[in-house]
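Trainee: Construct the entire structure; sequences and hints are all you get.
Chains as they are written, first to last, in the working numbering: chain A, 1 to 378; chain B, 1 to 383.
Hints in this document: simulated from the structure, not taken from any laboratory.
Glycine included, C-beta positions come from ideal geometry on N, C-alpha and C.
There may be inaccurate statements among the hints.
[As the list claims (entries may be wrong)] Footprint (simulated), chain A over chain B, 3 or more residues, beta carbon under 8 Å: (1) 44–56; (2) 72–79; (3) 158–165.
[Unchecked claim] Only some residues are given here: those of chain A computed to face chain B with a beta carbon under 10 Å: (4) P134; (5) Q162; (6) A168; (7) I173; (8) Q211; (9) G291.
Now for the letters of each chain:
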Amino acid sequence: LRAGAFDNCPTYLVCENLECYDPAVNRITATGATMGKIFDRDVDNRLQVVDKHLQEMESANPLLSAIAENMRLDSRVSEPRSAKFAEFAAASLSATNLKNVLNEYSSQKAWEEFRCPVLNQRNLLFAPQVLDEPKIAEDTVLVSVQKLFLLLLSKLSEALRQREIGMASGDDIGSGPQTIQFDEDNSYVNNWLNNLELPQDLPEFANLITQAYQRVIDSMMPDRANGAQPERICWAGRRDEFEPHREFGLRRWMEIFGLGHQLDKREWFILLEYPVINTGAFARPTVLDAGPTEWHFPTPGELPPKLGGRTMILGDAMLAGVLPLGEFVHKARRLEIENVKWLSRLPDDTNSGRVNLDKARAHHRDWFREVKNSGALK
Amino acid sequence: MNDLPSLSALPELARCPSQYAIDEHAFNTAMRTATEPRQRELLQWLYSSNADSYKIIRWMQGIGLALYRQEDPALALISALPSDDSLCEPAIREVLAKRIGEAVICVANDESNNSDWNRLAEDTWIQLFVLMRRLGVSNFKTAVMQLFQRCEREGRTPFDLVSEASRYFTRFVMDAQPNNELEKRWIAMIKGSDDAVLKASLFDAFCGLLSMPREVSILGVNECIVAFKTRIRAAFDDESVRSAKQCELQQLVDEKFPQYADRIRTLLLAEDGDIGTLSDFEQVYRGDQAALAQIYLQEVSSDADKPQQLRAKVRYMELCPQTLPSSVVEFVTDENRRGLVPGDHKCPRESRRGQSTRGLPRKKVKPETLRSYGKQLRATTKG
Numbered sequence: 001l002r003a004g005a006f007d008n009c010p011t012y013l014v015c016e017n018l019e020c021y022d023p024a025v026n027r028i029t030a031t032g033a034t035m036g037k038i039f040d041r042d043v044d045n046r047l048q049v050v051d052k053h054l055q056e057m058e059s060a061n062p063l064l065s066a067i068a069e070n071m072r073l074d075s076r077v078s079e080p081r082s083a084k085f086a087e088f089a090a091a092s093l094s095a096t097n098l099k100n101v102l103n104e105y106s107s108q109k110a111w112e113e114f115r116c117p118v119l120n121q122r123n124l125l126f127a128p129q130v131l132d133e134p135k136i137a138e139d140t141v142l143v144s145v146q147k148l149f150l151l152l153l154s155k156l157s158e159a160l161r162q163r164e165i166g167m168a169s170g171d172d173i174g175s176g177p178q179t180i181q182f183d184e185d186n187s188y189v190n191n192w193l194n195n196l197e198l199p200q201d202l203p204e205f206a207n208l209i210t211q212a213y214q215r216v217i218d219s220m221m222p223d224r225a226n227g228a229q230p231e232r233i234c235w236a237g238r239r240d241e242f243e244p245h246r247e248f249g250l251r252r253w254m255e256i257f258g259l260g261h262q263l264d265k266r267e268w269f270i271l272l273e274y275p276v277i278n279t280g281a282f283a284r285p286t287v288l289d290a291g292p293t294e295w296h297f298p299t300p301g302e303l304p305p306k307l308g309g310r311t312m313i314l315g316d317a318m319l320a321g322v323l324p325l326g327e328f329v330h331k332a333r334r335l336e337i338e339n340v341k342w343l344s345r346l347p348d349d350t351n352s353g354r355v356n357l358d359k360a361r362a363h364h365r366d367w368f369r370e371v372k373n374s375g376a377l378k
Numbered sequence: 001m002n003d004l005p006s007l008s009a010l011p012e013l014a015r016c017p018s019q020y021a022i023d024e025h026a027f028n029t030a031m032r033t034a035t036e037p038r039q040r041e042l043l044q045w046l047y048s049s050n051a052d053s054y055k056i057i058r059w060m061q062g063i064g065l066a067l068y069r070q071e072d073p074a075l076a077l078i079s080a081l082p083s084d085d086s087l088c089e090p091a092i093r094e095v096l097a098k099r100i101g102e103a104v105i106c107v108a109n110d111e112s113n114n115s116d117w118n119r120l121a122e123d124t125w126i127q128l129f130v131l132m133r134r135l136g137v138s139n140f141k142t143a144v145m146q147l148f149q150r151c152e153r154e155g156r157t158p159f160d161l162v163s164e165a166s167r168y169f170t171r172f173v174m175d176a177q178p179n180n181e182l183e184k185r186w187i188a189m190i191k192g193s194d195d196a197v198l199k200a201s202l203f204d205a206f207c208g209l210l211s212m213p214r215e216v217s218i219l220g221v222n223e224c225i226v227a228f229k230t231r232i233r234a235a236f237d238d239e240s241v242r243s244a245k246q247c248e249l250q251q252l253v254d255e256k257f258p259q260y261a262d263r264i265r266t267l268l269l270a271e272d273g274d275i276g277t278l279s280d281f282e283q284v285y286r287g288d289q290a291a292l293a294q295i296y297l298q299e300v301s302s303d304a305d306k307p308q309q310l311r312a313k314v315r316y317m318e319l320c321p322q323t324l325p326s327s328v329v330e331f332v333t334d335e336n337r338r339g340l341v342p343g344d345h346k347c348p349r350e351s352r353r354g355q356s357t358r359g360l361p362r363k364k365v366k367p368e369t370l371r372s373y374g375k376q377l378r379a380t381t382k383g
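Mentor: Written out as structure tokens, the structure is:
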């Protein structure tokens with residue numbers, strides 16, 4: 001941590017102007033628990049059953065305990081949204097556990113609620129249809145590190161096939177053994193991705209992945225209609241905060257964006273950049289948007305929403321003293337070719353694997369408490 | 001907390017009560033090493049004797065299964081299985097596969113208006129198919145065929161026919177087909193026809209054909225080789241691309257269907273008029289002497305030169321002596337046989353090396369006899 005940084009920017013925690021933001025002010029000094037609270041508020045009648053489950057989770061194991069801690073600490077959740085969650089939980093907790101309830105709430109409700117001004121007023125930063133004035137500059141450029149999930153890989157394969165068919169005078173010829181293995185382990189599309197040479201092949205990849213992305217959004221329509229599967233929520237950070245880390249590559253990107261659950265995987269990720277105005281609706285996330293994940297950590301609700309949530313820094317980035325970056329949520333959106341900036345996958349021989357969750361959470365907890373206790377928030 | 005029963009958070013009656021469950025020993029053994037909540041949740045569900053198999057469909061929709069951000073339900077569930085070296089892993093995997101099969105059959109047979117057959121998103125089908133593929137397609141033959149039969153009744157798939165889900169499904173059908181009933185469908189697709197339920201490229205359709213449980217007739221295979229050549233010629237102007245596609249087909253057959261490798265290689269060559277020896281050709285037809293005899297008989301009455309006719313007659317006589325037409329016998333003296341048909345069945349191509357055909361110099365002489373066989377074969381199969 002840079003000595004004296006806090007003193008040099010005393011307005012950081014109260015200033016709405018990001019120019020004043022200096023992450024180096026976040027020093028680790030204080031401790032303090034929020035036991036007996038939910039969403040950093042005293043437990044009322046509606047949340048008593050949730051509190052009971054949280055107590056059980058806290059004594060179960062570190063993973064469940066982490067999720068419980070997130071729910072207790074997160075003051076970003078508004079009163080109305082807390083009430084909605086309490087209602088949902090009360091109807092479900094007789095049949096399942098709280099982790100599942102939180103998972104279902106975040107997957108079925110969050111995509112709609114995060115952009116609802118009644119339920120998420122304080123966190124909502126940009127929503128032209130419901131907010132008179134955006135609370136963040138519309139031209140703020142975001143970065144997002146997104147996994148090529150199964151459906152997207154499948155759609156990418158479709159796009160590749162369409163291109164091949166076009167090259168074969170419109171006839172669906174296909175090809176040899178590679179095609180046959182596609183449905184088993186995506187080796188066809190993986191092989192194509194492996195053979196790309198960046199940056200020269202980036203335009204070709206960007207062209208196909210944008211087509212694939214659009215097909216994903218289109219294909220979600222049927223389930224969206226019957227409510228079984230909502231829209232996808234995307235998570236993003238700010239490019240100005242990300243920029244110093246760009247050169248370090250995917251592993252660093254995953255560490256600074258808190259993607260701890262992906263660090264032991266060998267899956268493809270894309271780096272996207274786009275302005276806030278292209279997101280449709282854009283907000284600071286809460287634990288209800290993040291769902292039951294131990295790799296998320298709440299941010300003091302008193303921080304200016306435009307700073308976003310702050311990511312939990314992991315692994316080598318944490319050891320290097322990198323401080324939490326802003327994180328935001330928005331709904332899945334159409335991609336443009338120019339939004340696609342990179343494609344990468346952790347090499348097999350990389351020394352990745354899961355990072356130490358306890359250390360990362362302890363480190364972030366200290367940061368959290370320092371911010372809470374710094375006095376600057378008051 | 002972990003040991004709470006975790007049924008779906010959306011209470012409903014069991015839609016598909018399971019007949020299968022893991023035994024207590026497997027459950028206890030696996031629970032000892034299950035550290036993550038989803039591992040324990042999966043084990044509890046598999047151990048429960050009155051579980052609803054339909055839960056797997058909901059999990060694949062992302063409902064009721066705790067997922068990390070951007071995590072795919074199918075891969076999450078696979079990761080929740082005990083490690084491969086666990087002694088109880090096969091038993092657990094087997095019960096999981098059976099329950100998935102039950103759920104798929106349930107979807108396939110639900111004829112109600114609001115059944116999931118009509119409602120599941122493509123993503124859910126893909127998650128389900130990936131899960132099934134990872135657990136081994138052989139576990140799901142019954143389920144896949146019931147899904148296929150439902151598709152046949154409806155005349156459509158529950159997903160977009162142009163999507164990858166259709167190709168996944170077609171691959172499942174290929175592997176699950178219990179008999180050769182789909183032979184005409186595969187051949188039609190190889191010829192380029194659209195199908196209402198199955199979606200396959202030319203190569204995939206070949207796989208469908210060659211995956212059938214019983215051996216495909218040589219005439220059927222040859223018909224497809226002719227169609228393959230025709231489509232490749234129409235699709236690609238570049239001769240090198242055509243050649244590459246032909247090599248890919250051969251490579252595919254070599255790797256996946258070695259029982260057909262020799263005959264397809266020879267048929268591809270014969271189609272090019274590039275077959276080297278009579279024995280190659282006969283090798284292909286070893287399993288179908290009637291087809292071979294028919295070709296020889298046609299050769300006898302063709303306008304080929306006398307020695308060629310005689311060779312054909314000898315071959316025919318060897319194959320079908322009891323049905324030899326009397327007109328053939330007069331040509332087949334012992335002397336002729338010795339002089340015209342060497343024991344190794346070699347074509348007299350050496351004597352023709354260097355001659356050109358079609359007015360163009362070629363690297364290898366194409367024996368007229370064998371080109372003629374190819375033509376005859378085409379005529380036969382087209383008829």
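Trainee: State for each hint whether it applies.
Mentor: Now for the hints, and whether the structure bears them out:
no. : hint    : verdict
1   : 44–56   : violated (count 0)
2   : 72–79   : holds (count 3)
3   : 158–165 : holds (count 5)
4   : P134    : violated (25 Å)
5   : Q162    : holds (9 Å)
6   : A168    : holds (4 Å)
7   : I173    : holds (5 Å)
8   : Q211    : violated (13 Å)
9   : G291    : holds (7 Å)
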